[in-house]
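Colleague: If you want the building blocks of each chain, they are given just below.
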Amino acid sequence: MKNLLLVSYLDIKESIRSKWFYVYSIVFGGLMALFFITGISDSAVMGFTGLSRMLLIFIQVTIIILPIFILITTVKSISADRESNVLEYMLSFPISLKDYYWGKMLGRFLTVFLPVIFALILGVIFGFTKSGDMPWSMIFLYSALLFSMCFVFLGIAFFISTMVKSTDIAIGSAFMIWIFLLAFIDIALIGLMLQGRVGDGFIITSALLNPIEVFRIGAISLFDPELTVIGPVAYYLLDTLGATMLIVYSFVYPIVLGVLFSYFGFIAFKKKDLL
Amino acid sequence: MLVDVKNVTKSFQGTKVLDDVNMQILSGDRVAMMGPNGAGKTTLIRAMLGFYHINSGKILVNGFDPIKQRVKVLEGISFIPQLPPPIKLSLDEMISFISKSSGVPKEAIYEEASKMDLDVKANKHKQFLKLSGGMKQKLLIAIALSKKSSLLVFDEPTANLDPRAREHFYKLLTNLDSSCSTLFITHRLDEIEGLVNRKIYMDLGKIVEDEKI
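In order, the protein sequences belong to chains A and B.
With the first letter of the first sequence counted as 1, position 6 gets the number 6 in the numbering used here; the numbers rise by one all the way through.
For the numbering used here, add 1000 to where a residue sits in the second sequence, where the first one is 1.
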């Protein structure tokens, strides 16, 4: 445990010195500031205004950029160390592979999760100064969804990072996964539905398996319990599962998926040649 | 026996890189390992350090299996790579990592480094990555020597050092405890001739020559 925390502490130190971390923090923090400056919280779209309007647009942006940011910045964590021989040197000290892998993952999780959560807090503060009300349950649930979203993409990134030996392939694979998952959010699913070439069951299952879609439905249902702003698949899921189950599923499923991917990543790290 | 390599075979994508290799290193052995590029020297070292899963055979270091008991194996080995890796940590962070993971007192590293004219304390906030090639190599050597391992593994350790630093390095090695073993991968036997008592020559994944000097 001591070495696991040591590895994670050093990974955080290394990350906060990296350019990607500044870009990542500025993008999320800056977005919130930009929303505030441009007066988005004062506008009203489909009944959303104030803090909920601001958080809603933050979600829309998060759905698109958070997965790719996490994938691209963390997919290199082990493969780049392997390529540059950093892994060879660091693992020539008596550190167990378990401590190294999970320590890296813990460190990387904190560096990707904290800037997003700070951006959310910033948004809440801005929104509160404007509207004066504090929707605690929404903030709590949205933080939980962000947590699970970060976790699942981190798990996928670590899995890729241990499976491939070249950084270029790791980044390429991460990008492909992002594009694929993004393509199958509600809009593409509507397209498939309209074409009528695949069954409804397939479309619903695709939606339920896609972590981006699950996050999207879960997050937007916090603001729009009827899910009128998104497509029919989301509406069907809401109708079938019910609002509470939908939120629970949106939180639990990505965590389970993240645990599976990171665990398989660890098995590959242990069972394959390290270099 | 410090290192016992028995009938070890390792292939990469169907190509045998180690072909039924047998080797023993005893306490106090000072070995120069030579051979052309692709002979299998680095693969053998990496298998001993637990980086590679061998296809057949057995490796024991201090009686421990490098894959199943890697922590035990690595407690007794110091390793210096050929090229310093681009570690982004500051010297202070890097030394803390080594100190905490390997139980090496920080002062011991500072002391070994000063013997090679490297003032770590004055540079401790600098990133390892930003040091000159020679300074990096000196620090890696200082770390390896301060760890007080029973086996020191050097992969062309003096490649980045100027003649004066090389001289310091060789002098430090002459002061090693007589029970400590060393394994040098080198192309220049003449440089380390006084420091070794055995030479191993590898070619095409096999040990083709193993003799006492």
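Hints are computed from structural coordinates only; laboratory data are not their basis.
It is possible that some hints are incorrect.
[Claimed, not checked] No farther apart than 30 angstroms at their CA atoms in a straight line, the calculated lysine-lysine pairs in the DSS-like style are these:
(1) Lys1148/B / Lys1115/B
(2) Lys13/A / Lys1148/B
(3) Lys98/A / Lys1206/B
(4) Lys1006/B / Lys1148/B
(5) Lys19/A / Lys1088/B
(6) Lys1130/B / Lys165/A
(7) Lys272/A / Lys1016/B
(8) Lys1006/B / Lys272/A
(9) Lys272/A / Lys1115/B
(10) Lys270/A / Lys1006/B
(11) Lys2/A / Lys1068/B
(12) Lys1016/B / Lys1206/B
(13) Lys165/A / Lys1006/B
(14) Lys270/A / Lys1068/B
(15) Lys270/A / Lys1115/B
(16) Lys1115/B / Lys271/A
(17) Lys13/A / Lys272/A
Colleague: Holds or violated: are the alpha carbons of lysine 98/A and lysine 1206/B at most 30 angstroms from each other?
Modeller: violated (33 angstroms)
Colleague: Within a Cα-Cα threshold of 30 angstroms, do lysine 1115/B and lysine 271/A meet the stated pairing?
Modeller: violated (41 angstroms)
Colleague: Against the 30 angstroms threshold, does the CA-CA distance of lysine 165/A and lysine 1006/B hold or violate the hint?
Modeller: Holds, because 29 angstroms separates the two Cα atoms, which is no more than 30 angstroms.
Colleague: If you draw a straight line from the CA of lysine 1130/B to the CA of lysine 165/A, is it 30 angstroms or shorter?
Modeller: holds (26 angstroms)
Colleague: Hey, lysine 270/A versus lysine 1068/B, does the alpha-carbon distance stay inside 30 angstroms?
Modeller: holds (10 angstroms)
Colleague: Can you confirm whether the C-alpha distance between lysine 1006/B and lysine 1148/B stays at or below 30 angstroms?
Modeller: holds (26 angstroms)
Colleague: If you draw a straight line from the CA of lysine 270/A to the CA of lysine 1115/B, is it 30 angstroms or shorter?
Modeller: violated (38 angstroms)
Colleague: With a cut-off of 30 angstroms on the C-alpha distance, tell me whether lysine 13/A and lysine 272/A pass.
Modeller: holds (28 angstroms)
Colleague: Sort out whether lysine 1088/B lies within 30 angstroms of lysine 19/A, counting only the CA atoms.
Modeller: Given pair lysine 19/A, lysine 1088/B holds - Cα atoms ~12 angstroms apart, limit 30 angstroms.
Colleague: Check the hint pairing lysine 272/A with lysine 1115/B against an upper bound of 30 angstroms on the C-alpha distance.
Modeller: Given that 30 angstroms is the threshold and the Cα spacing comes to 40 angstroms, the pair is violated.
Colleague: Check the hint pairing lysine 270/A with lysine 1006/B against an upper bound of 30 angstroms on the C-alpha distance.
Modeller: holds (23 angstroms)
Colleague: Straight-line Cα separation of lysine 1006/B and lysine 272/A no greater than 30 angstroms?
Modeller: holds (21 angstroms)
The earlier numbered hints that this structure contradicts are 3, 9, 15, 16.
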